[in-house]
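Use the sequences and the hints to build the structure in full.
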Amino acid sequence: MSVQEKTSWIAVLTTLVIWSYYFSAFWGDALAGRIDGEGIRNLFIICMVISVVVMLGLTIVVTVSARQNMDAPPDELERQIEARADSIGFKLLELLAPIVLIGGLLNVDAIRSAFPADPAGSTAILFVNGFLMTMVVVELVREGTKIVLFRMTA
Amino acid sequence: MAPPPISNTIRRLRFDHGEMTQQALADSIGMTRQTIAAIEQNKYSPSLEAAFRIAEVFGVEIGEVFQWKKAGAA
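If you read the sequences in order, they're chains A and B. For the first sequence, my numbering begins at 538 and goes up steadily by one. For the second sequence, my numbering begins at 6 and goes up steadily by one.
These are computed hints drawn from the structure, not numbers from a lab. These figures come from a predicted structure and were not determined experimentally. Hints may contain errors.
[Unchecked claim] Computed beta-carbon distance windows for the label pairs:
(1) A:LEU632 to B:MET25: 42 to 52 Å
(2) B:GLU69 to A:ARG688: 43 to 53 Å
(3) A:PRO610 to B:ARG16: 21 to 31 Å
(4) A:VAL601 to B:GLN72: 34 to 44 Å
Glycine included, each C-beta is placed from N, C-alpha and C at the ideal position.
Here is the structure:
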């Protein structure tokens with residue numbers, strides 16, 4: 538298994554574990570009618586820091602154990618796989634971003650009435666987390682595509 | 006996805022060059038061992054430049070490394 542493939546596995550598994558927890562906590566609270574802006578911000582920062590530390594740490598371990606330079610450029614097969622994964626990820630982003638935006642705009646009144654204590658703040662938090670979830674899903678698909686393509690040539 | 010209609014003799018050429026490892030070949034042309042393995046198993050068709058580099062390592066013409074399988078040929 539190449540270092541690039543191992544890095545993709547690290548990204549997928551870390552993202553799945555950490556961000557699944559974050560979004561299940563966030564949407565669980567939101568669907569129950571509780572949005573605590575400060576709590577969500579703190580949870581987001583914690584998840585982001587853990588995510589970066591775990592991914593960076595594991596990537597360094599994998600690279601050192603393979604005795605490779607972290608800055609080593611990808612070869613032509615790896616570049617081709619990366620380009621295909623990027624292309625699929627970008628098309629998915631083009632599809633999901635408008636869906637989240639339009640879906641959110643069509644439901645603004647429902648969102649505002651569901652959170653009477655702070656309708657504007659809650660709407661903004663829901664929009665931001667909708668887009669954040671879109672980015673996470675796109676990243677998962679992008680890294681997952683790389684793994685599939687690497688496996689097809691293994 | 007159907008494999009490309011190209012065969013290669015990289016395995017034999019490596020054997021003829023003192024059992025050269027895939028890693029040694031990969032290092033000499035700036036690729037990963039996994040990419041060399043994919044080329045050798047006909048799962049990936051290299052660029053023309055990489056094909057020439059592989060032939061250069063073995064000191065042979067590119068046609069001795071890669072062969073086009075004509076349509077209808079077994």
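Here is what the structure says about each hint:
{"no.": "1", "hint": "A:LEU632 to B:MET25: 42 to 52 Å", "result": "holds (47 Å)"}
{"no.": "2", "hint": "B:GLU69 to A:ARG688: 43 to 53 Å", "result": "violated (31 Å)"}
{"no.": "3", "hint": "A:PRO610 to B:ARG16: 21 to 31 Å", "result": "holds (27 Å)"}
{"no.": "4", "hint": "A:VAL601 to B:GLN72: 34 to 44 Å", "result": "holds (40 Å)"}
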